[in-house]
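> Protein sequence lines, in the order shown, are assigned to chains A and B.
Using this note's numbering, read the first sequence as starting at 1 and increasing by one per residue.
Using this note's numbering, read the second sequence as starting at 1001 and increasing by one per residue.
It should be emphasised that the hints constitute simulated quantities derived from the structure, not laboratory data.
Glycine included, each C-beta is placed from N, C-alpha and C at the ideal position.
It cannot be assumed that every hint is accurate.
Unchecked claim - Cut-off 20 Å, straight-line C-alpha distance, at most; resulting in silico cross-link-like pairs (EDC-like, lysine to aspartate or glutamate):
1. B:Lys1015 with A:Asp2
2. B:Lys1163 with B:Asp1049
3. B:Lys1042 with A:Asp399
4. A:Lys53 with B:Glu1070
5. B:Lys1075 with B:Glu1125
6. A:Lys157 with A:Glu31
7. B:Lys1169 with B:Glu1124
8. B:Lys1036 with A:Glu31
9. B:Lys1068 with B:Asp1102
10. B:Lys1042 with A:Glu31
11. B:Lys1152 with B:Glu1124
12. B:Lys1152 with B:Asp1049
13. B:Lys1036 with A:Asp40
14. A:Lys12 with A:Asp2
Said to hold, decoys possible - Far from chain A by the CB rule (all over 10 Å, computed), these chain B residues:
15. Asp1009
16. His1037
17. Val1039
18. Pro1041
19. Ile1091
20. Gly1121
One letter stands for each residue in the lines below.
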Amino acid sequence: MDITSLIIAFVKISVVLGGIMTAAAYFVLLERRVAAWVQDRRGPNRVGLPLTKIRLFGLGQPLADGAKMILKEEYTPAHVDRRLFVLAPIIIMSAALAVYAAIPFGSSLPPIPQLGINEPINLVIAPQLDVGMIYVFALSSIAVYGVILGGWASNNKYSFLGGLRSSAQMIAYELPLGLGLLGVILATGSLRLDAIVGQQADSVWFALAQPLGFVVFVVAAFAEAGRLPFDLPECEQELIGGYHTEYSGMKLVLFLTAEFIHMITASFLIVILFLGGWHFPGITGGSETEITWLLAALRIGVLLAKVFCVIFFFMLVRWSWPRFRFDQLMTLAWKIMLPLGVVNLISVAFITEFQHPSYFGGRFADASPTTTLIVCAAGWVVAIVSWIVVASLSPLVTDNRPRLDLDVYGVDSQLEP
Amino acid sequence: MKANDKRIDWVEEPKLGLAGRMYLPLILGGLTTTSKHLVSPKVTVSYPDQEPEIGNPLIYRGVHRLNKDEQGRVKCVACFLCATACPAHCIDIIGVESPWPDREKYPESFVIDELRCIFCGMCEEACPVDAIELTSLYNLTGRSREEMIFDKEKLLSVYDATKDKEPMKSTQLGGTV
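Here chain B stands alone, though its shape is the one from the complex:
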């Protein structure tokens, strides 16, 4: 293709005025911008001293929790929908016959490997009874791999720890109680 090809739309640069040729707007503009930013408020969050602001806890995807119903029982009915939906295969459920009359099964064991989890939130979307939810706890750390495997008791305790600050999402998002 030649430079004078008909198909090339040739855009001419705007001609510089005298001030532009003397570099003045460039020099002044550059220095003004940097000087302004030098004193403007900083956006860095000094993390351990200062907690970051979670935008909307309803849609934040942090550590999981297992919700309890009014009688303090685990809401989960061991339907395995979350384990099926999980792309990282990090949910391991053992379902047994339920001791309560209102449901057929309940999870005897419910284990999430937080190190395998990719925090996509598909378990939360799949759950038909809104038992599994993602909280806005973002600073999940542990000293060993074993510590990062959360069992049913730990997931329920996450619910106890966060239920006051973050009530069940389903009601706020228009779901079932």
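With the rest of the complex left out, here is chain A:
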């Protein structure tokens, strides 16, 4: 590794880290504004440039929030396990940020011969990472340790319940998440995120080809990010914040920021795996197109715009649907999402197999419009049929009252009839 590529890597790391942290701060503001708009309020729109009267639609709010949180007293209760208590926010934050080593934030930049860079620069910190997807998922699973450790170390009933719920929920939703992902990997034949995007640029977005996998992945991604309607680990009404009840000051900021970064990561993954990444039909070219500065900028813009839209959807969903009950959450994971994921995987396996040149005389081996259309149609038929079947077999249980036909639930049976 020569000095130039080292410098490039450092530049990319600082751009990504700075960008993600700033984006997280501003997405907190956006979240508050969207929440206010949905509730017919205006939201924080007063704080602008410091020491002036310029308001800038409240864009100074993240700065003010940050200053406030840093100046807050950082209180550690006497009853906590001190080492784990400090460790938990560090783990969750570093795991959340380390994921971005493998997540591309554009396709690539053209070479700059004036600076001695003779090859295109890949816009990902660890370029050509062959186990990109495995790395991302391994790290996002480690983030659960932060939540569980935080809940455990806090030595508090609410935090502990939050941590327990979180572990159960994360384990339950890892499976559908992985199954949704496997369909994409099977259709691409690669674990590299840039290869997955290139495949979509050359044929069709996976959200259209595998709608079932898309739905399963999005639902599981919501659950993994701990967003409503799956925010049981930290629901304010029952658990007063769950695993971060005992945290304050900078440690709390680390937890909250890590949660937002999880959401941004989930949005990046949804966009890259299913919504075509940097590809937009007609303006960004295919995977083999020669890269120019304009094209590079367009691709970055398209990718970030898509991520922004998905995050906006995340925020809208938060106010659209009520939180699930815990048994409903588990039913959804094990009885609905898991079978749907398996069905999606099998159907993708079949479709991919029949695209092999040895079937039908290789008629469906290329990425012609007819093939793409047939693949999409098959995906949609499988999605609709399996959704109907699963929905009729295991409906969401809403009635949790004692059952009339069982006498064991008679609680005050010693009372006079």
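Assemble the complex: chain A is given as a structure, and chain B must be docked to it using the hints.
Below, chain B without anything else, positioned relative to chain A:
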């Protein structure tokens, strides 16, 4: 009590149709509601930039004022009914012999502690001559406790400041002039 007790009126939930089991009405309904509210007009009043609308000034209970009669004299006759009615004991009156022939007493000093006042409006109801009234001035602020103790001159000046916008309530509410 058992679950099959006769006294329990057991209501069964309505069965979901196929669409309901597929979560479709829930998903669409939720998203439609939030999207509608996202763009609907906001109810927030941006206060310092925008004055809130006072519903009915006749029944609004803001800062007090002491009314004057046609000759510019204070209407109050120092009967102490308002001070007696006041649940917060924030009205302090010193009544002396009146210099005018049409009444026996008048207030030499009339002090309301606006910080103790709970703005219940009982003084206004108690007053037999409609001298004390609550205006619709809602943004009462001060920099010290002393500033918030309103004496007779200040209460009369509130009347001068608000008489054009809010004429005496008693006539509009069917009382004496």
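> Each hint should be assessed against the structure and marked as holding or not.
Structure-based check of each hint:
no.: 1; hint: B:Lys1015 with A:Asp2; in the structure: violated (68 Å)
no.: 2; hint: B:Lys1163 with B:Asp1049; in the structure: violated (25 Å)
no.: 3; hint: B:Lys1042 with A:Asp399; in the structure: violated (37 Å)
no.: 4; hint: A:Lys53 with B:Glu1070; in the structure: violated (47 Å)
no.: 5; hint: B:Lys1075 with B:Glu1125; in the structure: holds (15 Å)
no.: 6; hint: A:Lys157 with A:Glu31; in the structure: violated (29 Å)
no.: 7; hint: B:Lys1169 with B:Glu1124; in the structure: holds (10 Å)
no.: 8; hint: B:Lys1036 with A:Glu31; in the structure: holds (17 Å)
no.: 9; hint: B:Lys1068 with B:Asp1102; in the structure: holds (15 Å)
no.: 10; hint: B:Lys1042 with A:Glu31; in the structure: holds (17 Å)
no.: 11; hint: B:Lys1152 with B:Glu1124; in the structure: holds (16 Å)
no.: 12; hint: B:Lys1152 with B:Asp1049; in the structure: violated (32 Å)
no.: 13; hint: B:Lys1036 with A:Asp40; in the structure: holds (10 Å)
no.: 14; hint: A:Lys12 with A:Asp2; in the structure: holds (16 Å)
no.: 15; hint: Asp1009; in the structure: holds (12 Å)
no.: 16; hint: His1037; in the structure: violated (5 Å)
no.: 17; hint: Val1039; in the structure: violated (8 Å)
no.: 18; hint: Pro1041; in the structure: violated (8 Å)
no.: 19; hint: Ile1091; in the structure: holds (38 Å)
no.: 20; hint: Gly1121; in the structure: holds (31 Å)
Checked against the numbered hints listed earlier, the structure breaks hints 1, 2, 3, 4, 6, 12, 16, 17, 18; every other hint is satisfied.
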